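**Student:** In the order they appear, the protein sequences are chains A and B. Under this note's numbering, the first sequence has 308 at position 262, and the numbering climbs by one with no breaks. Under this note's numbering, the second sequence has 107 at position 105, and the numbering climbs by one with no breaks.
Just so you know, the hints here were simulated from the structure itself, not pulled from any lab data. This one's a predicted model, so the numbers in the text were calculated from it and none came from an experiment. Glycine included, every Cβ here is placed at the ideal spot set by N, Cα and C. Where hints are given, some of them may not hold.
Said to hold, decoys possible - Short derived list, chain B residues pointing at chain A, Cβ under 10 Å: (1) Gly-170; (2) Tyr-215; (3) Pro-237; (4) Lys-248; (5) Thr-265.
As the list claims (entries may be wrong) - Label pairs and their in silico Cβ distance ranges: (6) Lys-283/B - Gln-110/A: 56 to 62 Å; (7) Lys-193/B - Ala-166/A: 42 to 48 Å; (8) Glu-293/B - Val-313/A: 55 to 61 Å.
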Amino acid sequence: MGYFLDLFLSGLTRGSIYALIALGYTMVYGIIQLINFAHGEIYMIGAFTALIVAGVLTIYGWNQMAIIFIASIVALLYSMGYGYTIEKIAYKPLRHAPRLSALISAIGMSLFLQNYVLLAQTSDFMLFPSLIPDFKFLTSFSHIARPSEFVIIISTAIVMVLLTFFIKFTKTGKAMRATAQDRQMAMLVGIDVNRVISITFIIGSATAALGGVLIASHIGQINFYMGFIAGIKAFVAAVLGGIGSMPGAVLGSLVLGWTESFFTGYVSSDYEDVFAFIFLVLILIFRPSGILGRSDTQKV
Amino acid sequence: MMDRRWRQIVLVVTVVLFVFWGMMGCSKKEETIKLGVAGAHSGDLASYGIPTVHAAELVVKAINEKGGINGRKVELLVEDDACKPELATNAATKLVSEGVNVVLGHICSGATKAALKIYLDSKIIVMSPSATNTDLTLSGEYPNFYRTIAYDDAQAQLQVKYATQTLGVKKAAVLHDKGDYGKGAAELAKKYFEQAGVNVALFEGVTPGAVDYSAIVQKVARAGVDLVIWGGYHPEASKIVTLMRKEGMATLFMGADGIKDETFIQMAAENSEGVYATGPKDTSTNPMYIEAKKAHQEAYGSDPGPFFFEGYSAAAALLNAIEKAGSTDYEALAKALHTEYVDTPVGKISFDKNGDATGIGFSVYKVEGGKYIQLQ
Chain A
47 MGYFLDLFLS GLTRGSIYAL IALGYTMVYG IIQLINFAHG EIYMIGAFTA
97 LIVAGVLTIY GWNQMAIIFI ASIVALLYSM GYGYTIEKIA YKPLRHAPRL
147 SALISAIGMS LFLQNYVLLA QTSDFMLFPS LIPDFKFLTS FSHIARPSEF
197 VIIISTAIVM VLLTFFIKFT KTGKAMRATA QDRQMAMLVG IDVNRVISIT
247 FIIGSATAAL GGVLIASHIG QINFYMGFIA GIKAFVAAVL GGIGSMPGAV
297 LGSLVLGWTE SFFTGYVSSD YEDVFAFIFL VLILIFRPSG ILGRSDTQKV
Chain B
3 MMDRRWRQIV LVVTVVLFVF WGMMGCSKKE ETIKLGVAGA HSGDLASYGI
53 PTVHAAELVV KAINEKGGIN GRKVELLVED DACKPELATN AATKLVSEGV
103 NVVLGHICSG ATKAALKIYL DSKIIVMSPS ATNTDLTLSG EYPNFYRTIA
153 YDDAQAQLQV KYATQTLGVK KAAVLHDKGD YGKGAAELAK KYFEQAGVNV
203 ALFEGVTPGA VDYSAIVQKV ARAGVDLVIW GGYHPEASKI VTLMRKEGMA
253 TLFMGADGIK DETFIQMAAE NSEGVYATGP KDTSTNPMYI EAKKAHQEAY
303 GSDPGPFFFE GYSAAAALLN AIEKAGSTDY EALAKALHTE YVDTPVGKIS
353 FDKNGDATGI GFSVYKVEGG KYIQLQ
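Let the hints inform the model, and build the full structure from the sequences given.
**Tutor:** Given below as structure tokens:
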């Protein structure tokens, strides 16, 4: 039972990270039907920014709580800037072009950002300090999971709640839902669609960057390529849950995290990815629009 | 009529020339020792073969300046095989027909294997600085083959020997990164562990670059092993060892030359303490190593390339054996190689019954105080 719980929590941790990234995919898709392949790179840039800021602050001898707080905030803000800029440079000029053009532009952006970090920073793996402190109140649970795992799971849960609240109850959230339903109609009733799209990118980037900071602190190292695999997995999770649906993205991520974790734990890690993708195929055969996806016909 | 006379003249001249050349060849053979150097000197693997040619040139030059071996000068015959088995047999046939005495080469294992049969038929000793395929020596099929580099399995054998005899490991987990290098090393470690009677409780691959390795670490914890053997490179190794230590596991961790690198220690930081790794023996403080490196820098204006020191050592060992044996006779040479020790850049070496150099190869290292310390 203890082993089951260990795997359950490790799957939950992994799923939480996927969820933070998958939210960005699914929100952007919901609003402009674009798969933003550069999203994984935002996650990587968030981790790099936090590393740089944390490094500088450590030199100045700040205390750990201040470092983790400021490094995360700076990483979030910086990544938001990236998300905003990417949308303006790579996607906005192509808004009325065929969807494939924007997709190619997204892949190009992803490659550009990877190589930009590779050249501007380093191709090596970098040591990432364990920013998450060993909270006292969590040590009584340390036989179940490490504090960093709890922090990841709890942070993700908080982000979910805030985001749900934002979408459901604020004016901007309402505008986002309206834009997702019908962009032209939203424009007609006076919603500034460009602003809504920018906000979507900014929020998505912030959650991805948070994921990057948390996982880097948990695993202990980063490199320029870390966003690629995480991005692909999160994309799979978003599709699994039903792309365009926010609860779906979270559910899909958790299902994917648990699938991988339990398969590794009880069968073999050799075919962890194969199994995860077989699961994806099976779900898509029986529910083509994902677990929580709306099954209405797509407007093409 | 004229035509036929011309033909006769040409025929006579040709015959005379042939005889003359033949005699020249004969008389030359008496004087020089022919050291063949065969390997990849062109194509995309040329960078692995050229340093050995340089090494042979330097060794031969030094010996000839001292008056040669037992009064006979050494002559180099260089043949290119581009690392291809079919070209290697051509190169070997050509060297044999030119009356080569001993051969330094070939570079690639596949090419070496193809060429060895030809040398064996002519009873010619071959010594490679770089062919690491285990079967070349251990299969016993090529008694004329020697090498100055450790074979592929040597590292796994050393890991298992150290784990069982020094660390007293009874139960082990073998993890790898599913790559050619990592999985190959892991499979060898598993094979030798099982031969040594150690229970390999886990044998699994992980995906490089995955978001998290907690699940596999949990699995290792549940298996209750004494030691984790890692086949692969340092990024995943440092993640796994960090997670293990954060999980409070004291399980020993051992890797091969893929993690025997300073970056591993930087990445895993304090969690790298006590990690074992095997890697090539450090010979860079050997005076002959320093001398050979300096000679290369002076002659070619650059630092030596791959397998230069092994090539240098092989050339020195071959010529030393000829000197000690006093002839280039196959049996006498083989006896000299097995019994005589020779000082080379890779250490003081002789050759065991299989043809592998003794006293070279791998050592076990352990991270102590943020550094790899050579054990034994």
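**Student:** Each of the hints needs a verdict: does it hold here or not?
**Tutor:** How the hints compare with the structure:
no.: 1; hint: Gly-170; in the structure: violated (27 Å)
no.: 2; hint: Tyr-215; in the structure: holds (8 Å)
no.: 3; hint: Pro-237; in the structure: holds (5 Å)
no.: 4; hint: Lys-248; in the structure: holds (6 Å)
no.: 5; hint: Thr-265; in the structure: holds (7 Å)
no.: 6; hint: Lys-283/B - Gln-110/A: 56 to 62 Å; in the structure: violated (43 Å)
no.: 7; hint: Lys-193/B - Ala-166/A: 42 to 48 Å; in the structure: holds (45 Å)
no.: 8; hint: Glu-293/B - Val-313/A: 55 to 61 Å; in the structure: holds (56 Å)
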